[in-house]
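If you're matching them up, the sequences are chains S and X in order.
Numbering that gives the first Met the number 0 numbers the first residue of the first sequence as 0 and each following residue consecutively.
Numbering that gives the first Met the number 0 numbers the first residue of the second sequence as 0 and each following residue consecutively.
Hints are computed from structural coordinates only; laboratory data are not their basis.
Hints may contain errors.
Heads up, incomplete: computed chain X residues facing chain S, CB under 7 Å, no partners named [what the hints assert, rightly or not]:
| no. | residue |
| --- | --- |
| 1 | Arg150 |
| 2 | Ala153 |
| 3 | Pro191 |
As the structure is a computational prediction, the values presented were derived from the model and not from experiment.
Where is the CB? At the ideal position from N, CA and C, for every residue including glycine.
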Amino acid sequence: MPLQSLDVVRRSATTLPSPEVRGAHTGQVAKLIDTTKCIGCKACQVACMEWNDLRDEIGTCTGHYDNPADLSEHSWTLMRYAEYENPKGDLEWLIRKDGCMHCEDPGCLKACPSPGAIVQYANGIVDFQEENCIGCGYCIAGCPFDIPRISKKDKKVYKCTLCSDRVAVGLEPACVKACPTGAIVFGTKEDMTQHAQERIVDLKSRGFDQAGLYDPAGVGGTHVMYVLHHADQPLLYSGLPEKPRISPTVGLWKGVTKPLALFAIAATAAIGFLHYIGIGPNETDEQDEDAARREQEKTP
Amino acid sequence: MNARDPERIERYGAATRINHWIVAISFVLLALSGLALFHPALFWLTNLFGGGPWTRILHPFIGCFMVAAFLLLSVKLWRDNMLQQRDWIWLRKIGDVVNNREQNLPEVGRYNGGQKILFFTIIVCLACLLLSGILIWRQYFSGYFSVDLVRLGALAHAFFGFVLICAIIVHIYAGIWVKGSIRAMTRGWVTPGWAWKHHRAWFREVTRGIQQR
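For reference, chain S alone in the conformation it holds in the complex (with noise of 0.2 Å):
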């Protein structure tokens, strides 16, 4: 099935090209959500769970705004709220809508096992191919924002899809028609980035001279950008990772290791077959049989 959409570019555990020759000719898309224009109201969230008919279970109060408290498998996307007492002693109530970020180098991806599990469409969007999932949690292992959440009951690891079925027919995602506030847009990645740009000119004439695009360099840039009024500070935001990036450790994992040490097995293999071949095995003969005889025959 995804194959089908001809505009496969990245497909976890896959070594040759996919199906590719349908670019994102118009441009790739991105999902800029606007930090400083978000009222905390959840309605993101209720239409994540409307179009992808996802019903989480009624937890119970945790003394703060987050509800549900945590993302999961039925929670792709989540309001988290964080307070934070600034130099003058003003509180600010920093709102961040979390979920997948779609990273331009997925560490998902990377660290799947599994053929096609994975996919990052041309566009940008990566998407989970749950028919493919063997369920061993390795892109969780992978994700630098820690968003992929296995469930229980099924195995499969969920997250956000950026919609990824409304865009491919020229909708915007389900987060971005509810919110009330236009906080979260949608368009061409170089739309959004410039469309932050003016909030960024705007937020400073305003005083918030910290003010910038969350757009990370160490994932190649992400697909859900933030506009943050202290850009400086993004652990502010609940734990947004100031410099996220594929970890070193996943790298080495999963990197240039793998085949060469397929390699130094298969020459280890190798190189037994050639000794037998020039050496040749060591063999017991007769005159070995005739030592040991002899001397058993002396042992008193």
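Starting from the known structure of chain S, fit chain X onto it as the hints suggest.
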């Protein structure tokens, strides 16, 4: 195969042989299922186990089973695998070993230096594979550890799996190379000549034992 038959010296009792082959078969299953998830080129091996999810489910259970079986085996083999001075001399003369010039080597006990190094390589690998395997066993354990620890576990598991596979290839080849070794582990006995040639110190121990009986 008994002590009275001068043509046969017992090397491995039935219990040890069965234990060895339980470990060996588990290892083959683990290597195949592990390699299937190690590199995309080998993912087709998951078909042997009923598909990707079944491979993912079975691998860690077989792993625990193998560790338990090897633990039993290692208790039996531990004493004879202690490294001695003569083993280091043997290992230094590895050139004579691979060129079948056994006359230049020091006398060998029940196991030679190479076998002992292999024994401890397996122990280290299995211990590390078990610990790292627990870290990446998503279904039961990964949730209890930090993501950095799980990443380290994944890397360590791949590394020690790789080392163990190479070590076992050497082990299997040694069995093919030194004729009479495979029979020792399938039937349990070796000829006196084999023992005299490859494990002379052990041969003398055994012959003396027979005479004393």
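Okay, the hints, checked on the actual structure:
1. Arg150: holds (4 Å)
2. Ala153: holds (5 Å)
3. Pro191: Status holds, d = 4 Å.
Hint violations for this structure: none, all hints satisfied.
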